[in-house]
Amino acid sequence: MVFDSSTRRDPGLLAGAATVALIIGALALSFTSEPAFPVPGATSAGIQRFVAEAAGRGRAAGLLQAAAALTLLWFCCACARYLARRGAWSGLPLAAGTLAAAMLLIGATLDLAVLRPEMGSEAYESVHLLGFLIGAPAHVTFLGLFAGAVSLTALRTRALPQWLCVFGLLIAVPGTTSVLSLAWFEASPPMTLARFAAYIWLVAAGLSMFRGGGLNGGAGRG
Numbered sequence: 006m007v008f009d010s011s012t013r014r015d016p017g018l019l020a021g022a023a024t025v026a027l028i029i030g031a032l033a034l035s036f037t038s039e040p041a042f043p044v045p046g047a048t049s050a051g052i053q054r055f056v057a058e059a060a061g062r063g064r065a066a067g068l069l070q071a072a073a074a075l076t077l078l079w080f081c082c083a084c085a086r087y088l089a090r091r092g093a094w095s096g097l098p099l100a101a102g103t104l105a106a107a108m109l110l111i112g113a114t115l116d117l118a119v120l121r122p123e124m125g126s127e128a129y130e131s132v133h134l135l136g137f138l139i140g141a142p143a144h145v146t147f148l149g150l151f152a153g154a155v156s157l158t159a160l161r162t163r164a165l166p167q168w169l170c171v172f173g174l175l176i177a178v179p180g181t182t183s184v185l186s187l188a189w190f191e192a193s194p195p196m197t198l199a200r201f202a203a204y205i206w207l208v209a210a211g212l213s214m215f216r217g218g219g220l221n222g223g224a225g226r227g
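Numbering (the numbering used here), first residue to last: 6 to 227.
In short, the hints are calculated from the structure, not lab data.
It cannot be assumed that every hint is accurate.
Stated by the list, open to error - Between beta-carbon pairs, the in silico distance windows are:
| hint | residue 1 | residue 2 | range |
| --- | --- | --- | --- |
| 1 | R161 | P16 | 20 to 28 Å |
| 2 | L212 | A33 | 16 to 24 Å |
| 3 | Q167 | F201 | 20 to 28 Å |
| 4 | P194 | A128 | 24 to 32 Å |
| 5 | A57 | F201 | 28 to 36 Å |
| 6 | E39 | V208 | 24 to 32 Å |
| 7 | L134 | R14 | 39 to 47 Å |
| 8 | V208 | R54 | 32 to 40 Å |
| 9 | I205 | F36 | 15 to 23 Å |
| 10 | T114 | F201 | 16 to 24 Å |
| 11 | V178 | V208 | 18 to 26 Å |
| 12 | G92 | P40 | 49 to 57 Å |
| 13 | R13 | A60 | 42 to 50 Å |
Note that the Cβ used here is the ideal one computed from N, Cα and C, for glycine as well.
Given only the sequences and the hints, what does the whole structure look like? Please build it.
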């Protein structure tokens with residue numbers, strides 16, 4: 006029996022929802038820990054106190070974030086396949102999504118590195134700040150590009166409902182400006198807005214594409 010791969014639903018399209026669930030879990034562990042997870046600019050003493058008293062929760066949050074990066078990569082690949090089956094060029098969405106996942110994974114790795122007790126106190130602040138810059142502004146910048154690239158391609162091919170395409174394009178604006186937070190921390194509010202809006206979009210777009218099935222699906226309608 007021959008199966009038509011163009012009509013199969015790709016489970017990777019549901020990985021966007023898994024990504025959001027994992028990130029919410031990581032954030033919940035970070036924000037509810039005592040002492041609280043160190044914010045950017047925290048002193049070595051503050052970071053060392055967190056390592057001494059709440060390293061277990063920090064490691065769990067870092068592992069959840071690393072897992073979220075892997076599911077995000079799976080989702081990006083599934084989106085690229087979905088768009089390619091509809092005859093669209095998927096190179097830009099795949100590249101942006103891969104970079105977004107890579108930044109999230111590197112940020113998680115650096116956060117986990119900070120929790121190693123043998124790290125010298127002089128390295129705590131630098132590694133922690135680098136983990137934030139890569140795992141937050143850099144990640145959100147590429148995540149915004151991914152949402153915008155998928156939405157623009159889907160708008161042309163009717164691979165997603167029009168309102169989801171518009172939503173994704175709107176996310177791309179504050180998302181791409183998140184790069185300013187690398188040099189100017191006061192520019193982080195648009196980054197936060199873009200980040201959580203993008204997570205909503207990941208779930209909605211993934212579900213829409215999954216329901217649409219393959220090439221013959223109806224994701225473009227409505």
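Earlier hints that do not hold, by number: Violated: none.
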